[in-house]
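Undergrad: Sequence:
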Amino acid sequence: MPASDAPGARSVTDSLEGTSTPRQSPGQAQLSPPPGVPIPVSSMAIDRALLTTGGSLPTVIAGASELTTDAEIMLRVKTGDESAFTFLVQKYRRQMVGFMYRMCHNPAAAEELAQEVFLRVYRSREKYEASAKFNTWLYRIATNLAVNHARDTRHERAENTVRLDEPDQETGTTPDLADDSLTVEEQMLRRERMAAIRRRVQALPERQRMAVIMHKYQQMDYREIADVLKLSESATKSLLYRAYETLREQLRELVLAK
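Residue numbers (this note's numbering): 6 to 263.
There's no promise every hint is true.
[Unchecked claim] Derived pair list, reagent style DSBU-like, types lysine-lysine, alpha-carbon separation capped at 30 Å:
(1) K242 - K96
(2) K138 - K96
(3) K235 - K96
(4) K235 - K83
(5) K138 - K83
(6) K132 - K235
(7) K96 - K132
(8) K242 - K83
(9) K83 - K132
(10) K96 - K83
(11) K235 - K138
Hint data in this document are derived by calculation from the structure and do not stem from the laboratory. All figures in this text were calculated on a predicted structure; none of them were measured in a lab.
Using the sequences and the hints given, assemble the complete structure.
TA: Structure follows, in structure tokens:
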């Protein structure tokens, strides 16, 4: 069953109007360590990865074919192949920044957390097993970091408001730019709707929130989400169903007014 056919999900997901993260698209912004902090080998590798070809996705990895999987590329990282690491950083960076931004709604923290994800990938390369799907392994690292960050900064959340006019972290554009086809009143209503939806998503229980973000914004299917959260596929569907039902009830008036 396609991800968009989750029971009770369609009307709610249609209302989640944020820009979804383009899957497997490279980013452009730099990732850099805080001033004064010594740069470890892994951080230097990340910097080189982003500087190579100006931050664009490498088209060739020596000895690799078009059929090479991310898991196979990660095995090359395991042997010390930095060109393989460059490929993975540039391929997944935008996804990671977008995911972290939706988890914490703090641009600076999203950049730092995304960098930490790739640092951990590099540092843990010896532990990677060929049987593990790279995307799943990557998102497990990311979700653990996001959860820990949320718990460590819980007291700061009340001050962390969502600004609808700030550039989207994946594309660099403003997701809520005025639509010339809408009246001023309609544009204001849309912004209010967006703010309400994002607040409700952020207020979901931790695991439900992660599942919704991966499902709706990261465009991951049930199997992928289940693997990341270490749940069965049926449990993942139930988790998403409960989340979307909660959102549907809380956003009923917005959905009807759309």
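Undergrad: Could you run down the list of hints and mark each one as holding or not?
TA: Right, here's what the structure says about each hint:
1. K242 - K96: holds, 28 Å
2. K138 - K96: Cα-Cα ~15 Å, so holds.
3. K235 - K96: holds, 24 Å
4. K235 - K83: holds, 24 Å
5. K138 - K83: holds, 14 Å
6. K132 - K235: holds, 18 Å
7. K96 - K132: holds, 21 Å
8. K242 - K83: violated, 34 Å
9. K83 - K132: Distance of about 8 Å is within 30 Å: holds.
10. K96 - K83: Since the Cα atoms of K96 and K83 sit roughly 17 Å apart, the hinted pair holds (cutoff 30 Å).
11. K235 - K138: holds, 13 Å
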